[in-house]
Amino acid sequence: MKELQWEKAAGNGLLNRRHLLQLGLTGLGAAGASAAFGQDAGAILQIPEWSRMPGANASAYGERSRYAGDLQRMAGTPDPIYPGGGSSRTPLQFLQGTITPNALHFERHHAGIPDIDPAGHTLVINGLVRQPLAFSYENLLKYPMVSRINFLECSGNSGALLRGGNADGTAQSLHGLLSCAEWTGVPLSTLLDEASVSPEARWVAAVGADAASMGRSVPIEKALDDVLVALYQNGEPIRPGQGYPVRLFCPGWEGNISVKWLTQLKLMREPAQFRDETSKYTDTMPDRSSLQFTFPMGVKSLITSPSGRMNLPRPGIYQVTGVAWSGHGAIRRVEVSADGGATWAEAEMQAEPGDKALARFTIPWEWSGGPAVLQSRAADSAGNVQPVRDEVLAARGTISFYHNNCIQSWGVDDGGAISNVYV
Amino acid sequence: MSMSRRTAAWGRILALLLCAGWLAPAGSQEARIQLGTPIDEDQLSGFDLIAAPDGSGMPPGAGTARQGRSVYELNCLRCHAVNGEGVSGNTVIAGGDMRSEELPLRTVGSYWPHASTLFDFIRRAMPADAPKTLSDDEVYQVTAYVLFLNGIVGEDESINSETLTAIAMPNGDGFVDHSHLH
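Protein chains in written order, with this note's numbering: chain A, 1 to 423; chain B, 424 to 605.
Every clue listed holds true.
Stretch-level coverage of chain B by chain A, calculated; a stretch enters the list once three of its residues show a Cβ under 8 angstroms from a Cβ in chain A:
hint, segment
1, 462-476
2, 511-522
3, 541-554
Think of the hints as simulated: they come from the structure by calculation, not from any bench.
Don't be surprised by glycine CBs; every beta carbon is placed ideally from N, CA and C.
Using the sequences plus the hints, can you model the full thing?
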């Protein structure tokens, strides 16, 4: 094999993204991937066993290969004081592309997952409308629908990293309140038109049918723009943990406002001032004033591999990959640094980034075997650039932890062990 | 296709459109599906639980903190402890000071901008292990008690939709609308 001349793109081993097209890159993917080739370049290849006998029959419901690794969400332990409350996190470091499988989409519940029979579920539109209306699930399914691929991120995602401390974790444990799916449903504007909204209505109070009757107020501008009354997720009926039979979906906005198990939409002059838009999901600044209704999730990115608690087995060339997203639009550019932000190289996007959707980036990196700090920095179509942690801390302090979009730093030590570091 | 069969086919299609609710509203060019069932607000009196700062959605009823103490002891104490001190980070519902030097403890008393939120939240979500089991009067009573624990109302002040929405909360002007839309 001829010696390749790797063209350097930035300090500490980042290579030109063109080299992605060439051979020899190692990715750190899901556990269990065995190296049939590559390990032993001199091996004589044989026809394998599974090519010599018929395989299993077609199945009614598909499962992952038993060799593909045990991909699981990470769920907190149940707390009798907070029945059904808590979250489960997406294993970002083991996924590729941008779509989160439904069984791995993150969850956050305030009073558990209700077991809703759609035959007994009603969606009501009332308040400042000419005609209050009630919709059955059966009837909602008859409306013309639209589909959108959008990320969903809890505004508490990555929050622990603002306060610092020993945040030794994985991409999943630190940032796993983030997922992306194709959402299909009826535009909220269609249903609001049918009820005929009064001109003085400025907010839509949305309420779920869970035990907490969780509520959030959505400004009318957003409600009439791109909000969906969503019925399907990645082609199948929304799963109970995501709001079956019907949820609100507000593209690009903090996850909590996409109210699950949607049962009421009330048109109001002012916000309802629900507990989850006053006591929670608000950010207290250093001057002790508190920001309310911070809706779009800021431009953000994260290297998912290599990432926290992985190990680089040996010096050599690795494929650095991760995801980027913005509640303000589409991702325009992601840069990667291997020297803690001193120098940057532009990463390759794996596909054309979508509006308010996850985008996948990748760049080759030659690890010398010495210390490194891997970072990614995203910029979006609205001109926003992802801030470093110190900028976020200077602007917002540490009283609040929601809406943290700062750059994640993964430290690589000279043994190849990777962990969260603060730079 | 004969004329009569064609007419029958159109009749069937029209019937299908009608029962599916595909109707062209007067003056509109395109057919629109309209499948919502009209209802009256009074059909929603037990369904619409939104109790807003302007008093809308607040049911009749009233209560005092003195009455609320026993409601609290029976329904809330097991998770929120004596005096609302809480048994975990998210169950502290009294005390705190937004001006403290250290990380301020943010509770109903120190943080919440509207008193209506307390009634609204307790009625819809508390007690966490048996939500929606209190009567409206009991919700007013225990709302009064939580406000009393925070030094916001007196023990015998009657809390109803009017007196509750008239309360100026200590951090009432502490919030900034960050939506950039209004």
